[in-house]
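*Asks:* The primary structure of each chain is shown beneath.
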Amino acid sequence: RHGKIRLKKWFHFFSDKEKASLTTDLTTLILSRKRAMCNVLEHGEHKAFKLRINFFLNHARYASLYFAAGIDCEENELYVLEVIHRYVQLLDEFFGNVCELDIIYNFDKAYYVLDELVLAGELQEPGKKSVITHKRI
Amino acid sequence: MNSRLPTILNTTYLTSGLSRGFFEFVTRVGEARSKQEEDRYVSQEIVSLKTKLNHPDISSRKIRDYITRLIYCEMLGYNVEFGHIHAVKLAQSAKGLWDKRIGYLACSLFLHETHELSIMLINTLQKDLKSSNYLEVCAALTALCHLLNKDMIPAVFGLVEEALSHPKDIVRKKAVMVFSRLFHDAPDTMIHLDEKFRQMLTERDPSVLGSILCLFLEFIKADPNKFKDLVPSLISILEQVLDRWLPRSYDYHGVPAPWIQIKIIENMGLLARDDEKISSEVGPLIVHTLRKAENGVDAAYAIIFECIRAISRLHPQTLSTIIHKSPNLNPLNVITRFLKSNNHNLKYLGLTCLSEIDPMWWIEGEWWGEEQMNIIVDCLEERDDTLKRKTLDLLYAMVNSQNVVVVMEHMINALRTISTTDEFSRLLLVNRIVEISGKYPLNLQNKDYDKAVDSTFLIISKSIESKEKSEEIRQYAVSEAIKILESDINNTTKNLTSWALRILGEFVKSTELQEKIYNRLCDLLTQVDYEIQAQVITTLLKCVSKMKYCPDNIIECVAKCCQSSSGDVKQRSREFIILSKDFVLLDKIIKPYENFDDFTIDESLSFLDNFVENALKNGAKPYNRIPITREDTNAATEIRYEAYEKPNMTYFPKQIMTSLPTYDDSRLSESDRDVLLPNDRSNQSSRGVGPPVTPGQLAWFGVTQEHLPPENVHEHTSLLADSQEPNYNDYEEIDSNRQSVISLIPKMKLQPSTQSWSRAGYKPVNSTESDKFIKYNTSNTRSSLRSSDKVLSIASVTSKTTMTPEKEKLASALFSGVGTSDPGQ
Numbered sequence: 001r002h003g004k005i006r007l008k009k010w011f012h013f014f015s016d017k018e019k020a021s022l023t024t025d026l027t028t029l030i031l032s033r034k035r036a037m038c039n040v041l042e043h044g045e046h047k048a049f050k051l052r053i054n055f056f057l058n059h060a061r062y063a064s065l066y067f068a069a070g071i072d073c074e075e076n077e078l079y080v081l082e083v084i085h086r087y088v089q090l091l092d093e094f095f096g097n098v099c100e101l102d103i104i105y106n107f108d109k110a111y112y113v114l115d116e117l118v119l120a121g122e123l124q125e126p127g128k129k130s131v132i133t134h135k136r137i
Numbered sequence: 001m002n003s004r005l006p007t008i009l010n011t012t013y014l015t016s017g018l019s020r021g022f023f024e025f026v027t028r029v030g031e032a033r034s035k036q037e038e039d040r041y042v043s044q045e046i047v048s049l050k051t052k053l054n055h056p057d058i059s060s061r062k063i064r065d066y067i068t069r070l071i072y073c074e075m076l077g078y079n080v081e082f083g084h085i086h087a088v089k090l091a092q093s094a095k096g097l098w099d100k101r102i103g104y105l106a107c108s109l110f111l112h113e114t115h116e117l118s119i120m121l122i123n124t125l126q127k128d129l130k131s132s133n134y135l136e137v138c139a140a141l142t143a144l145c146h147l148l149n150k151d152m153i154p155a156v157f158g159l160v161e162e163a164l165s166h167p168k169d170i171v172r173k174k175a176v177m178v179f180s181r182l183f184h185d186a187p188d189t190m191i192h193l194d195e196k197f198r199q200m201l202t203e204r205d206p207s208v209l210g211s212i213l214c215l216f217l218e219f220i221k222a223d224p225n226k227f228k229d230l231v232p233s234l235i236s237i238l239e240q241v242l243d244r245w246l247p248r249s250y251d252y253h254g255v256p257a258p259w260i261q262i263k264i265i266e267n268m269g270l271l272a273r274d275d276e277k278i279s280s281e282v283g284p285l286i287v288h289t290l291r292k293a294e295n296g297v298d299a300a301y302a303i304i305f306e307c308i309r310a311i312s313r314l315h316p317q318t319l320s321t322i323i324h325k326s327p328n329l330n331p332l333n334v335i336t337r338f339l340k341s342n343n344h345n346l347k348y349l350g351l352t353c354l355s356e357i358d359p360m361w362w363i364e365g366e367w368w369g370e371e372q373m374n375i376i377v378d379c380l381e382e383r384d385d386t387l388k389r390k391t392l393d394l395l396y397a398m399v400n401s402q403n404v405v406v407v408m409e410h411m412i413n414a415l416r417t418i419s420t421t422d423e424f425s426r427l428l429l430v431n432r433i434v435e436i437s438g439k440y441p442l443n444l445q446n447k448d449y450d451k452a453v454d455s456t457f458l459i460i461s462k463s464i465e466s467k468e469k470s471e472e473i474r475q476y477a478v479s480e481a482i483k484i485l486e487s488d489i490n491n492t493t494k495n496l497t498s499w500a501l502r503i504l505g506e507f508v509k510s511t512e513l514q515e516k517i518y519n520r521l522c523d524l525l526t527q528v529d530y531e532i533q534a535q536v537i538t539t540l541l542k543c544v545s546k547m548k549y550c551p552d553n554i555i556e557c558v559a560k561c562c563q564s565s566s567g568d569v570k571q572r573s574r575e576f577i578i579l580s581k582d583f584v585l586l587d588k589i590i591k592p593y594e595n596f597d598d599f600t601i602d603e604s605l606s607f608l609d610n611f612v613e614n615a616l617k618n619g620a621k622p623y624n625r626i627p628i629t630r631e632d633t634n635a636a637t638e639i640r641y642e643a644y645e646k647p648n649m650t651y652f653p654k655q656i657m658t659s660l661p662t663y664d665d666s667r668l669s670e671s672d673r674d675v676l677l678p679n680d681r682s683n684q685s686s687r688g689v690g691p692p693v694t695p696g697q698l699a700w701f702g703v704t705q706e707h708l709p710p711e712n713v714h715e716h717t718s719l720l721a722d723s724q725e726p727n728y729n730d731y732e733e734i735d736s737n738r739q740s741v742i743s744l745i746p747k748m749k750l751q752p753s754t755q756s757w758s759r760a761g762y763k764p765v766n767s768t769e770s771d772k773f774i775k776y777n778t779s780n781t782r783s784s785l786r787s788s789d790k791v792l793s794i795a796s797v798t799s800k801t802t803m804t805p806e807k808e809k810l811a812s813a814l815f816s817g818v819g820t821s822d823p824g825q
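From first to last, the protein sequence lines stand for chains A and B.
Here the first sequence is numbered in my numbering, starting from 1 and rising by one per residue.
Here the second sequence is numbered in my numbering, starting from 1 and rising by one per residue.
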């Protein structure tokens, strides 16, 4: 039951094998984190892109759901944390008191909201309102 | 599934707008109790979807549904390649917005930039980009961001450019994002749009502003100089944001538009790098932002982090003005607060901030002190992995010539404790360690250097698991060693040279370098002093044993060394000449490095018991331990008034505990401590080289002043000179009529951990009378790396309370040199 993926999005081109390995790595890492631990995990270097991938977990807040973002080492980690939080806020507004089931059954909509929020890997829409209005159309 | 009826009325079902089939599918998968069950369901579904999709005539609603299910399967990790083409078709043929969205979504999830099917989408994308319905344009742009590739660029470029001026801000924003993605692939195409982008900075709409800032970040990263004129506009934007001019919806937990703030600050930081004028303009504003952000929310912390990063990039002049204003106003004080907090995230933040800032600025007393160092040392032992690594990063950033040893120790420890599967961090650590040891070879005291060198040696030989990598690193080490040796030998420190020789001796493999190495080593023989000469000879011996080939000129060179005034060199060169002819023997003596683990040291030399007994039976005198003091202990209390007689032993050591009197230079050389096997009590060792040795006085202590006296002195056996110092182990071949012991200098320092290394090397060379040879092991049971007083062991901290004073010592050790001296970079 553990470790089911509800939503995933790749902003960089990875081969299928890499995707699978990253996903499994991430799941194991996440499941082994404890509450008080740091939200940032260093993972490793991706050879082709010279990215140092930091996995970014946001777990303590969202009940049983974990949100993770893989970022470059240059990136401001707390910034991404905020992006994740913003995303959850948006989902909340969109669905009205979002819970995990909502995401499961309406994952396409969750994807849309995500698309509005983060495009090409960058946060594009900091304002809550526009995202929601746009999506409700 | 007895809950079937109620599920129809289930709210989530109703709002999802999807068919019952989908809903049931998802529920079933979600409730599957095991992986196999889930597998079964999903594969069933996939199979049925395949057939359904291949139907020629399905309503768009159904297609939409199927595609959605496909997405779901893909998300769970199953292969749905057959569905990709359907997704493309859906995007193409979709009538309504909803269908189009699903189609594009599916495409952007399934396809990727190099996928063949993405080409098929070009037409659809073009059509949508031109459409009058702005939502369709948006959908197309969104998909473009994911699917953009080189082929598509010419087709859609113009249209996206038009979209930049679209009346709807959303469209503009997305267009900008497409360009930011484009910048990665084809930056040249966008040069002419420069003007347009700059103009967009003055946009009213904050969302577009945000995306433009992202775009500029990319630009600036690539080429900061071109955009330095943007600074005034950036400054004004930031000021506006801080003054809360943006609409309320952009506020986030009370912080006005944090993302925009962060982006601007990042931009400014990059622009201000190395540029004093800009730094002075931008500096105060950044500090101002930092102040405003101190209201305890997470977003605020993100801003603070970015500010500090930007500050670290400022020109040093500006930086010093900022920091020195007054301790209260010093912006870097926030770092201390971060470090002190209990929240791990904040600690992480503090550590990262610290590593960003050049240690030069950690000037004690102003905002930095022991307190922070203590916290950092604490972090070293946190269970939280990330914090540990970050602290190591930090240590690496602050290494300087004074605390380098301590830092190295920690890194090496970390290397041992990190799990072997995590190759990346191990590599990183190793790289860093090597780099550091490369930078700071000179200032170290010899003893500390030994430890450091030991560890590098250990690393080189052991730490990397995979075979090819090991090989790589060894070859690299070999080539580095060769470089060192080729450079002017007088300029290189002894330590470095000996390290290089050791590496060569152990790891040289390829036969092409053979000639080069041999020649170089021969040259070296004539240039260096006797210590290094001894090492060179042994290195030669090792090389010869590996390559099984010894050219004559080498033998000549070495033969010359037989005339050397240093006993050690003479000894070795003679051994070399003998051994280089006998490869079988050589093989047995010189064992490769990896076999170390198999060695165990028998300190009491119990294996010699038989030999000793036999000798005793044959009338040899039992071992008589020589008095340590020079004079008789009886006479010690009296004061002598007459002059002493002239000593008859020219080599009598001046100090009690020193190395062998057989050497001219009885001072201890760090690289070359010979521990001689004491011969037995009978007539001696005519090593042929040594001084006349009085019978019965055959124990040579080879210890340094700092070490404890030898531990094991067996009555029966000849003295085991137990050197506590991590040393070379020596096996002396003493050409006496009775015995010969082969002396080799393995060039290995004993390891900090409990392993004692030795080379077991013994083979009768001329076994006339005794067939046995003394197996000589020098055991170094000194197990702790941290044997010095100055540096304390932190590695095995269990409970905090017991270690606090030591930690403080460590902290001060780490801190020494930081902020005062030149970082030595």
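Derived by calculation from the structure, the hints in this document are not laboratory data.
Treat the hints with care, since some could be wrong.
Computed footprint of chain A on chain B; a stretch qualifies when at least three of its residues, placed anywhere within it, have a C-beta under 8 Å from a C-beta of chain A [what the hints assert, rightly or not]:
| # | segment |
| --- | --- |
| 1 | 73-79 |
| 2 | 256-262 |
| 3 | 302-309 |
Note that CB positions come from ideal geometry on N, CA and C, so glycine has one too.
*Asks:* State for each hint whether it applies.
*Replies:* Evaluation of the provided hints:
1. Coverage of the segment 73-79 of chain B by chain A holds. Counting CB-CB distances below 8 Å, 3 residues qualify, and the rule asks for three or more.
2. Proximity of the segment 256-262 of chain B to chain A, defined as three or more residues with a beta carbon under 8 Å from a beta carbon of that chain, is established by the 5 residues found.
3. Given a C-beta distance limit of less than 8 Å, the hint that chain A covers the segment 302-309 of chain B holds, as 4 residues qualify and 3 suffice.
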